[in-house]
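Take a look at the letters that make up each chain.
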Amino acid sequence: MSVNEAAGTRPRNEAVPGAEPIIVVDSVSKSFGPLQVLHGVSLEIERGTMVAIVGRSGSGKSTLLRCINALEEINGGTIKVCGHMVSMSDRASVKRLRSEVGMVFQSYNLFPHLNVLRNITLALTAVQKKSRADADAIAHKVLGLVGLADKAEAFPEQLSGGQAQRVAIARSLALSPKVLLFDEVTSALDPELTGEVLKVMEDLARDGMTMVLVTHEMAFARRVADIVVFMHQGKVWEAGPPAELFADPKTPELRQFLSSGL
Amino acid sequence: MLSYSFDFSFLLTTWPAFMRGAWQTILLAGTSIAIGFFVALICAIIRSGKNKLASGLVGVYVEVIRNTPLLVQIFIVYFGLPSIGLRMSAETAAVIALVINTGAYGSEIIRAGIESIAKGQLEAAECLGLNKFQVYWHIILIPAVERVYPALSSQFVLLMLSSSITSQISAQELTAEANLIQSETFRSFEVYLIVAAIYLALSVLFRVVLWAIGEVAFVRRRKLRT
Ligand SMILES: Nc1ncnc2c1ncn2[C@@H]1O[C@H](COP(=O)(O)OP(=O)(O)O)[C@@H](O)[C@H]1O
Ligand SMILES: [Mg+2]
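These protein sequences, in sequence, are chains X and G.
Going by my numbering, the first sequence opens with residue 42, and the numbers climb by one from there.
Going by my numbering, the second sequence opens with residue 264, and the numbers climb by one from there.
Misleading hints may appear alongside valid ones.
As the list claims (entries may be wrong) - Quick partial rundown of chain X residues pointing at chain G, CB under 10 Å, derived from the structure:
hint, residue
1, M144
2, S148
3, F152
4, H154
5, N156
6, V168
7, K171
8, A174
9, E198
10, Q199
11, G202
12, A209
These aren't lab readings, by the way, just hints derived from the structure by calculation.
Everything numeric in this text was worked out from a predicted model, so none of it was measured.
Glycine included, C-beta positions come from ideal geometry on N, C-alpha and C.
Construct all of the structure, not just a fragment, from the sequences and the given hints.
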């Protein structure tokens, strides 16, 4: 089974031209109290693409991902995922969103009291109402995809950071999301462990998974992402294919960001 | 002159009474622990919940119980409640007082566990699509209780030992039996030494049983031997 089958997404080469983007962020603003963090962010993400969001710390990248995934209420604008409006106050809409979007965090957030297998099967049985046997089979498949078939019985505290993060990816993948959101998933890892996680993400990209990632791994974004979005002061400052964006930054802010070596 | 000749011969006739007392203590403490755990759990849930009024009321209950003597609490239940028409046996009064007492201490322990669950855990579970109840059960309550289970176990052993003061209302339990034997044999020293030894054995028994329950309930504990 390929990652793509597991995730139930459309392979990249089948992307329908002119089809509605899978995520449409339109003029979104977001404040925490008096602090406005997002200032009219607009962004479209096409099916089967990998979009890398880069920018300085505090520029609102995480907030944007969290708004897309209904973890934060937006104050203005609209967000559509898979054609449906995202609204935190509408429980049915949040429920549908959860079935379509998976999210992986910097801090893994594996459940410490459950072994790897149960971390993955929890939502399969509790949310998708699958049988134990079906859930176990899916869990073993996705563990194979992230190269951890032998860790099913391990507990999170027995895993390295890289392994824990791959389990977290597998846990999201098991639910066959249409989009995966990654928020700095390699930032907490020792440098020698980031490679194994990035490789899993690259495999997913190759198999056509739609992915939005916030990252500091510029080389990775440059090589693998279809679109790179540079955020600055709560706005999409520049966006485009990495080759163009990195070679020819239009704004002094991006130029400075790129030359600062981050 | 400090000379005392020990005489344990009375044990031949009173041993069954000691054993009856020990069994009564097991029943009294076991019942109080089982009910007290659920009271503690529910109080901890309310105390850490969003409803300010309910949380405040539980807070008052917890502080009042933790800042008054257990013996006085027992007296209020046994001698006080009949004045408002609630009459009960000494054993029932003992269980009620012990449940109220351990519910307060236990709820603070469980609450600490609930509050130790990181926010990221809840968000991760939410993102997987678990509903509020599922998140609460799988991601908050079970790991919280697992985390504080050792502290909870100690509290329960303490409750078993504290149950000895329910002898003050003549509830049937080990210390009350001992008082009776002492008044018949006048061998105070021997009687209470034996009672101490039996309580020690009961502590070990309770710890072993609570440990075994933990092993069954919490897979990680079993697998990792932590
Ligand atoms: N829950 C919150 N409450 C208040 N301020 C927040 C919260 N989350 C983020 N912020 C603020 O919003 C700004 C953007 O944060 P974030 O989206 O995390 O930036 P980035 O991910 O790009 O580093 C920061 O100034 C941060 O302090
Ligand atoms: Mg961030």
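For the hint on F152 of chain X, does the least C-beta distance to chain G fall short of 10 Å? 6 Å, holds
Mind checking the CB of E198 of chain X against every CB in chain G and telling me if the closest is under 10 Å? 7 Å, holds
Verify the interface restraint on Q199 of chain X: the C-beta must sit less than 10 Å from at least one C-beta of chain G. Interface hint status for Q199 of chain X: holds (8 Å vs cutoff 10 Å).
Interface hint compliance - H154 of chain X to chain G, C-beta minimum distance less than 10 Å: OK, holds: H154 of chain X within 10 Å of chain G, min 4 Å.
Checking hints one by one. Is M144 of chain X an interface residue toward chain G, by the C-beta closer than 10 Å rule? 4 Å, holds
Regarding the hint that V168 of chain X lies at the interface with chain G, is the smallest CB-CB distance below 10 Å? 4 Å, holds
Tell me if the interface restraint on K171 of chain X is satisfied: Cβ within less than 10 Å of some Cβ in chain G. 12 Å, violated
Hint status (Cβ of S148 of chain X to nearest Cβ of chain G, threshold 10 Å): Result: holds, 5 Å to nearest chain G Cβ.
May I ask you to test the interface hint for N156 of chain X with respect to chain G, counting a Cβ-Cβ separation under 10 Å as satisfied? 7 Å, holds
Verify the interface restraint on A209 of chain X: the C-beta must sit less than 10 Å from at least one C-beta of chain G. With Cβ-Cβ at 8 Å, under 10 Å, it holds.
Min Cβ distance, A174 of chain X to chain G: is it shorter than 10 Å? 19 Å, violated
Answer holds if the nearest beta-carbon of chain G is closer than 10 Å to that of G202 of chain X; otherwise answer violated. 15 Å, violated
Checked against the numbered hints above, the structure violates hints 7, 8, 11; every other hint is satisfied.
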